[in-house]
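As given, the protein sequences belong to chains E and D, one line each in that order. Take the first sequence: its position 389, counted from the start at 1, is 389 in UniProt numbering, and no numbers get skipped. Take the second sequence: its position 557, counted from the start at 1, is 557 in UniProt numbering, and no numbers get skipped.
These aren't lab readings, by the way, just hints derived from the structure by calculation. Backbone N, C-alpha and C fix where the C-beta goes; we use that ideal spot for every residue, glycine too. There may be inaccurate statements among the hints.
Stated by the list, open to error - FRET-style restraints, in silico, Cβ to Cβ:
#, chain 1, residue 1, chain 2, residue 2, range
1, E, VAL16, D, LYS612, 36 to 46 Å
2, D, GLU156, E, GLY542, 22 to 32 Å
3, E, ASN598, D, LYS612, 53 to 63 Å
4, D, ASP314, E, SER297, 20 to 30 Å
5, D, LYS612, E, GLU174, 35 to 45 Å
6, D, GLU142, E, LYS3, 24 to 34 Å
7, D, ASP314, E, ASN598, 40 to 50 Å
8, D, SER619, E, ASN598, 28 to 38 Å
9, D, LYS288, E, ASP162, 52 to 62 Å
10, E, GLN225, D, LEU280, 56 to 66 Å
11, D, ALA292, E, LEU280, 53 to 63 Å
12, E, SER297, D, ASP179, 28 to 38 Å
Unchecked claim - So these bits of chain D aren't anywhere near chain E, every CB distance computed over 10 Å:
#, residue
13, LEU55
14, ARG117
15, ARG173
16, THR185
17, ARG206
18, GLU228
19, ALA229
20, GLY231
21, GLU393
22, GLU436
23, ASP567
24, ASP579
25, LYS612
26, GLU636
27, THR637
As the list claims (entries may be wrong) - Below, simulated SDA-like cross-link-like pairs (lysine to any residue); rule was C-alpha separation at most 25 Å, straight line:
#, chain 1, residue 1, chain 2, residue 2
28, E, LYS595, E, ASN386
29, E, LYS603, D, LEU153
30, E, LYS603, D, LYS258
31, D, LYS603, E, GLU611
32, E, LYS603, D, ARG628
33, E, LYS603, D, GLU611
34, D, LYS258, D, LEU153
35, D, LYS603, E, LYS595
36, D, LYS633, E, LYS595
There are 2 protein chains.
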Amino acid sequence: MSKVETQLEDLKAEIVNEVPNDISISDVQYEGPELVVYTRDPKKFAKNGDLIRKLASQLRKRITVRPDPDVLSVPDRARETIMDVIPEEAGVTDLDFHADTGEVVIEAQKPGMVIGRHGSTLREITQQVGWTPEVVRTPPIESSTVSNVRNFLKQERDDRRDILERIGRQIHREEMSDDEWVRITTLGCCREVGRASFIISTPETRVLIDCGDKPGAEGEVPYLQVPEALGSGAQSLDAVVLTHAHLDHSALIPLLFKYGYDGPIYCTEPTRDLMGLLTLDYLDVAAKEGRAPPYESEMVREAIKHCIPLEYGDVTDISPDIKLTLHNAGHILGSSIAHFHVGDGLYNVAFSGDIHYTDTRLFNGAVNEFPRVETLVLESTYGGRNDYQTDQEDSERNLIEVINETHDKGGKVLIPAFAVGRSQEIMLVLEEAMREGKIPSMPVHLDGMIWEATAIHTTYPEYLRDDLRDRIFHDDENPFLADEFNHIDGGEEERQQVADEGPAIILSTSGMVTGGPIMSWLEHVGPDPETTMVFVGYQAQGTLGRRIQNGWDEIPMGNGNGRGRGDTLTLKCDVETVDGFSGHADRQGLENFVKTMNPRPEKVLCVHGDEKSTQDLSSALYHEFNMRTFAPKNLETFRFL
Amino acid sequence: MSKVETQLEDLKAEIVNEVPNDISISDVQYEGPELVVYTRDPKKFAKNGDLIRKLASQLRKRITVRPDPDVLSVPDRARETIMDVIPEEAGVTDLDFHADTGEVVIEAQKPGMVIGRHGSTLREITQQVGWTPEVVRTPPIESSTVSNVRNFLKQERDDRRDILERIGRQIHREEMSDDEWVRITTLGCCREVGRASFIISTPETRVLIDCGDKPGAEGEVPYLQVPEALGSGAQSLDAVVLTHAHLDHSALIPLLFKYGYDGPIYCTEPTRDLMGLLTLDYLDVAAKEGRAPPYESEMVREAIKHCIPLEYGDVTDISPDIKLTLHNAGHILGSSIAHFHVGDGLYNVAFSGDIHYTDTRLFNGAVNEFPRVETLVLESTYGGRNDYQTDQEDSERNLIEVINETHDKGGKVLIPAFAVGRSQEIMLVLEEAMREGKIPSMPVHLDGMIWEATAIHTTYPEYLRDDLRDRIFHDDENPFLADEFNHIDGGEEERQQVADEGPAIILSTSGMVTGGPIMSWLEHVGPDPETTMVFVGYQAQGTLGRRIQNGWDEIPMGNGNGRGRGDTLTLKCDVETVDGFSGHADRQGLENFVKTMNPRPEKVLCVHGDEKSTQDLSSALYHEFNMRTFAPKNLETFRFL
Ligand SMILES: [Zn+2]
Ligand SMILES: [Zn+2]
Ligand SMILES: [Zn+2]
Ligand SMILES: [Zn+2]
Ligand SMILES: [Zn+2]
């Protein structure tokens with residue numbers, strides 16, 4: 001009998017010993033980081049509300065109880081009973097029975113009403129029908145990404161169960177080494193922005209954090225080929241952690257599966273869905289630009305199948321000697337700070353991913369309280385000496401002013417924006433301004449992936465800022481459902497129509513004017529002197545966005561769009577820049593994050609910024625807070641302990 | 001046709017083009033780092049003295065010319081001719097013909113006379129007989145190690161030729177990467193003394209420098225198992241460089257071959273022979289102490305077979321982008337500083353190995369002039385704030401005084417000493433003191449491996465200090481042949497006899513009284529109050545030597561030596577310590593090495609010293625010379641460029 005088998009036998013004995021005699025335990029199995037307990041008496045288990053919590057704290061494991069398949073009632077009958085138990089106002093939109101796990105997935109508009117106070121409704125369901133209910137929210141705006149992911153996972157349920165059992169056994173394997181050390185290896189994202197990728201390693205475990213590309217520098221991918229990365233095989237990694245879905249962190253995650261990786265990806269649920277959306281788009285763009293994509297869309301599906309979603313604050317064993325906890329990073333939907341607790345109190349490292357320190361309209365500010373943390377790996381995008389940004393109140397006033405001036409001229413406002421994050425933030429500004437009469441009510445057209453990204457945001461309101469979450473729970477207050485918002489889904493015809501009509505605001509991808517429907521909008525409204533083009537995000541060197549920002553007004557429109565080669569578009573519109581809507585903490589925010597961090601870490605590695613930014617920030621933190629700080633290069637390894 | 005084949009074809013064409021028309025070129029092959037040119041006209045080649053040098057500088061390769069096997073004269077006839085050409089005073093002791101390579105190995109007491117002025121005698125031999133002469137020195141004292149190694153290599157000549165051809169092709173393979181970086185990874189020997197092991201890596205190449213054990217801490221071996229070391233297979237290393245034969249640098253070199261390594265070991269010729277001697281003894285000791293040896297003696301032979309000896313100053317291609325040069329380190333016989341030149345002027349790193357900065361009786365001081373060097377990896381054994389040592393003149397005076405006092409009492413001087421290095425240094429002190437009448441002439445008995453180690457020293461006089469080398473070339477001035485020196489080869493009987501006679505000096509291993517014949521000497525002369533026991537080397541914590549130094553005089557003599565268990569030996573002898581004979585630079589020597597180094601490196605990594613020593617030295621070098629200095633931990637990776 002293997003070590004894991006013995007361990008499971010012992011756990012089963014302990015559980016049998018702990019539960020009342022009238023509750024039978026038929027099996028105990030690992031499923032990813034969770035311990036699943038099968039019982040023929042799910043109703044009695046469910047009645048005993050505190051039992052699971054007590055077992056979990058005694059065994060120091062995450063525990064899920066499932067009915068032994070023998071005791072499940074017939075789905076049709078169960079369906080009736082469930083619909084009786086759940087109050088009608090919950091708005092159940094789908095019920096899905098999985099005989100293999102004994103779970104019934106309940107999709108409802110108001111999941112809280114399905115759960116009931118302290119889970120009382122769920123327990124009643126289990127008592128009545130045997131099935132274990134799992135609740136998901138009916139997206140208020142339908143998202144094809146979310147439904148594709150959910151359908152795919154439903155269809156791959158058998159495969160996924162095997163994967164989770166294998167991962168579970170890996171996590172709970174025996175420790176092999178007496179050595180004690182913790183190391184971080186930098187594979188990218190040092191003294192540069194892009195291709196985020198790090199390894200945290202101990203004598204037992206190797207975990208990869210992020211695996212992104214470098215926008216504007218195709219081919220500059222993380223140093224995966226060196227021996228300490230995948231040189232000894234992708235299977236040598238225990239786990240992958242994805243802080244958030246931006247491509248500079250996620251683009252090459254699916255590539256790992258092409259290289260033979262077959263383990264878990266830990267991230268939040270929205271990060272999983274957004275990664276699916278953005279990596280598939282990444283493949284599309286590569287194909288359109290005639291570049292060979294680094295992997296096929298099949299690998300994106302593999303990645304999604306291997307995702308183990310964690311909620312903020314869940315403490316999860318990911319290997320024999322590492323516990324992972326994700327915390328809100330305030331940057332984009334589902335973005336996380338990844339906190340690693342190594343050994344039994346041996347060492348703690350937090351990877352910031354990308355952070356926004358203060359609250360925005362969309363998100364609560366980044367968490368900076370941890371039980372312990374000795375080393376912080378900190379993003380430094382705006383870490384430079386002078387990287388202070390306009391504060392958001394002033395930025396919003398500036399934007400409103402530009403919109404009012406343009407409206408007064410009878411023109412349109414064209415805003416290139418990234419689909420994920422900044423678009424939704426601007427939508428919230430516009431919705432409030434119209435509601436409060438600061439700008440006139442007018443159509444806001446959303447083009448490109450913005451609508452889909454917004455739909456994903458509304459699917460996961462628990463990841464949004466508290467007050468916004470509460471508003472989304474009530475359809476009549478959901479700001480994203482405001483009448484002014486229009487999804488451009490009618491192609492060129494609809495765009496022409498919008499162009500022919502009166503004042504409007506247009507939000508369209510891509511955010512740096514490097515392709516996508518914004519190119520079409522440039523043709524429709526760019527030559528109109530009444531139009532104002534407003535940049536609200538960073539425009540990288542070499543992009544068309546940066547050129548227009550710098551005064552270019554003769555735009556070559558070679559390809560696509562049904563026009564001949566060599567045509568030139570002459571822009572006559574005003575061009576404005578409104579900063580302050582960044583998803584990143586500015587220099588002050590980064591300093592405040594560290595200053596108020598609790599506990600204060602001993603060491604900080606400044607990464608995810610150009611050479612000057614990381615060195616400025618490293619030096620400032622050293623002098624202000626007397627910590628050991630570093631501005632690592634790529635391909636270095638730091639040992640702690 | 002592979003890249004290497006094409007390259008060889010091109011080289012052959014270039015050579016054919018360059019040599020006079022009447023010299024035929026039949027083949028061109030790589031053999032390790034050398035390019036071997038086969039010709040049917042070796043005599044004409046030899047006549048044209050400058051041709052090889054010109055070819056070498058034009059092709060930027062090390063070139064060896066060999067006769068096409070067809071043109072070699074019959075060995076018996078060649079033997080006669082060769083003996084006629086070489087002057088009798090050269091003292092030829094052996095001739096050995098190798099038909100496969102066309103070489104004749106000439107062993108002579110005076111190799112210089114075989115070589116002739118600027119190689120004139122060698123060229124004449126080639127002209128007369130076709131064979132290529134290779135000259136080795138007849139050891140003035142016969143060394144079984146040296147003759148075993150030479151016989152073994154003779155016997156493995158075919159195998160070795162295959163190995164060298166394979167390595168040659170590896171070295172001259174095509175470069176694969178456009179990246180440019182240089183990294184050092186620390187696998188041991190950081191903030192500790194022992195288990196020296198480093199990797200220097202570039203996008204093309206990975207080279208291991210040293211692979212030692214940690215004396216007094218069995219099991220604390222270099223971190224070979226991590227992915228960036230051998231995790232992706234021992235075959236992933238391009239080369240191994242051994243700075244010197246001490247076990248803290250060499251003990252685990254043979255283990256690499258057990259792990260599947262099959263590439264070259266670059267070191268000096270004496271380092272190769274001493275490594276053979278010391279690692280075989282290392283296996284013996286492990287067996288005697290009942291520990292499982294980490295590898296079998298077969299692996300020592302594999303290591304020797306894969307050695308490619310380099311002379312100090314030879315610039316050698318060891319991979320497509322790295323050139324290695326060894327320089328005298330002044331520490332023990334054949335000890336080297338390993339200088340790596342990366343790329344075409346890209347970066348230079350020097351690994352000090354262990355160094356002695358000033359001249360000693362045995363060796364010239366360490367070299368610290370290099371064409372270029374940006375980073376120095378520096379030993380720090382005596383790097384601590386107060387690690388200043390008595391200078392050698394005073395130390396010698398102290399030793400002489402102790403010897404005279406003991407002689408006056410009619411007693412014996414017992415000196416525990418390491419076989420390699422310090423024993424020979426003491427022998428030179430004693431020889432001179434007796435010759436100059438500073439101490440009375442008396443027998444000096446050499447026990448343990450000291451005699452054998454001395455024999456190896458006299459085999460390689462070109463590695464000794466200039467004036468010592470010159471003396472060894474004349475038998476009547478060779479200090480190691482002084483009449484007073486006696487090799488104890490008669491076992492207990494001879495020792496008893498020495499004990500029963502009058503005043504004498506006894507040098508015996510082991511140096512820290514942890515085993516070996518010194519244990520027997522303790523019994524023979526230790527209880528005699530007329531005896532003086534003199535420590536001339538560092539005694540590590542936990543050794544019997546350290547205990548005796550601290551005043552212990554009741555020695556448990558449990559096992560071996562024909563005595564019963566539980567016997568106790570009571571020492572009545574005087575115990576003295578004379579420091580200043582260390583093979584390591586002291587704090588002042590380390591500072592002077594760096595201060596006068598030319599060019600001054602930008603960065604220094606202080607290693608091979610305990611935590612305090614490395615940090616003290618790192619901080620001192622930073623403050624005095626304003627360089628970037630580090631005291632790395634094991635398992636870190638530093639990137640340069
Ligand atoms: Zn981001
Ligand atoms: Zn980022
Ligand atoms: Zn520093
Ligand atoms: Zn040494
Ligand atoms: Zn050493």
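Taking the hints in turn, this is what the structure says about them:
Distance hint check for E:VAL16 and D:LYS612: the Cβ-Cβ separation is about 56 Å, which falls outside the suggested range of 36 to 46 Å. At roughly 60 Å, the beta carbons of D:GLU156 and E:GLY542 sit outside the given window of 22 to 32 Å. Distance hint for E:ASN598 and D:LYS612: a CB-CB separation of about 34 Å, inconsistent with the stated range 53 to 63 Å. Distance hint for D:ASP314 and E:SER297: a CB-CB separation of about 56 Å, inconsistent with the stated range 20 to 30 Å.
Distance hint check for D:LYS612 and E:GLU174: the Cβ-Cβ separation is about 37 Å, which falls inside the suggested range of 35 to 45 Å. Taken as a hint, the range 24 to 34 Å is violated for the pair D:GLU142 and E:LYS3, whose Cβ atoms sit roughly 58 Å apart. Distance hint check for D:ASP314 and E:ASN598: the Cβ-Cβ separation is about 60 Å, which falls outside the suggested range of 40 to 50 Å. A C-beta distance of roughly 32 Å is found between D:SER619 and E:ASN598, which places it inside the suggested range of 28 to 38 Å.
Between D:LYS288 and E:ASP162 the C-beta distance comes to about 53 Å, which sits within the given range of 52 to 62 Å. Taking 56 to 66 Å as the suggested C-beta distance range, the pair E:GLN225 and D:LEU280 does not conform, at roughly 39 Å. For D:ALA292 and E:LEU280, the hinted distance range of 53 to 63 Å is satisfied, since their beta carbons lie about 55 Å from each other. Our hint of 28 to 38 Å for E:SER297 and D:ASP179 holds, since their Cβ atoms are close to 29 Å apart.
The beta carbon of D:LEU55 sits about 38 Å from the closest Cβ of chain E, which is more than 10 Å, so the claim that it is off the interface holds. Listed as a non-interface residue, D:ARG117 keeps its Cβ farther than 10 Å from every Cβ of chain E; the least gap is roughly 51 Å. Every CB of chain E lies more than 10 Å from the CB of D:ARG173, the least distance being 17 Å, so the non-interface label holds. In this structure D:THR185 is not separated from chain E by more than 10 Å, as the shortest Cβ-Cβ distance comes to only about 7 Å.
The claim that D:ARG206 lies off the interface is violated: its Cβ sits roughly 8 Å from the closest Cβ of chain E, which falls inside the 10 Å cut-off. Chain E draws D:GLU228 into its interface by the beta-carbon criterion, the shortest separation being 4 Å against a cut-off of 10 Å. Not every CB of chain E is more than 10 Å from the CB of D:ALA229 (nearest about 8 Å), against its label as outside the interface. Not every Cβ of chain E is farther than 10 Å from the Cβ of D:GLY231; the closest lies at roughly 4 Å, contradicting the non-interface assignment.
No beta-carbon of chain E is positioned within 10 Å of the beta-carbon of D:GLU393; the least distance is around 43 Å. The Cβ of D:GLU436 sits about 54 Å from the closest Cβ of chain E, beyond the 10 Å cut-off, so the non-interface label holds. The claim that D:ASP567 is not at the interface with chain E holds, since no C-beta of that chain comes within 10 Å of its own (minimum 37 Å). Distance check on D:ASP579: its Cβ is at least 35 Å (rounded) from any Cβ of chain E, clearing the 10 Å threshold; non-interface status holds.
Annotated as non-interface, D:LYS612 keeps its C-beta farther than 10 Å from every C-beta of chain E; the closest such distance is 18 Å. The beta carbon of D:GLU636 is not kept farther than 10 Å from every beta carbon of chain E, the shortest such distance being approximately 5 Å. Listed as outside the interface, D:THR637 is inconsistent with that label: its C-beta sits roughly 4 Å from the nearest C-beta of chain E, within the 10 Å cut-off. Taking the CA atoms of E:LYS595 and E:ASN386, the gap is about 18 Å. The hint holds against a cut of 25 Å.
Of the supplied pair hints, the one linking E:LYS603 and D:LEU153 is violated, its CA atoms being roughly 54 Å apart against a limit of 25 Å. Proximity of E:LYS603 to D:LYS258 is assessed by CA-CA distance (about 40 Å); at most 25 Å being required, the pair is judged violated. A threshold of 25 Å between alpha carbons decides the hint, and for D:LYS603 with E:GLU611 the separation of about 20 Å falls inside it, so the pair holds. Among the hinted pairs, E:LYS603 with D:ARG628 is consistent with the structure: their alpha-carbon atoms are about 19 Å apart, no more than 25 Å.
Between E:LYS603 and D:GLU611, the direct Cα distance comes to roughly 20 Å. Compliance with the 25 Å bound is thereby established for this hinted pair. Of the pairs offered as hints, the one joining D:LYS258 and D:LEU153 holds, with about 20 Å between alpha carbons and a cut-off of 25 Å not exceeded. Under the criterion of a C-alpha separation no larger than 25 Å, the hint pairing D:LYS603 with E:LYS595 is inconsistent with the structure, at around 32 Å. With a C-alpha separation of about 29 Å, the suggested pairing of D:LYS633 with E:LYS595 is violated against the 25 Å cut-off.
Hints 1, 2, 3, 4, 6, 7, 10, 16, 17, 18, 19, 20, 26, 27, 29, 30, 35, 36 from the earlier list are contradicted by this structure; the remaining hints agree with it.
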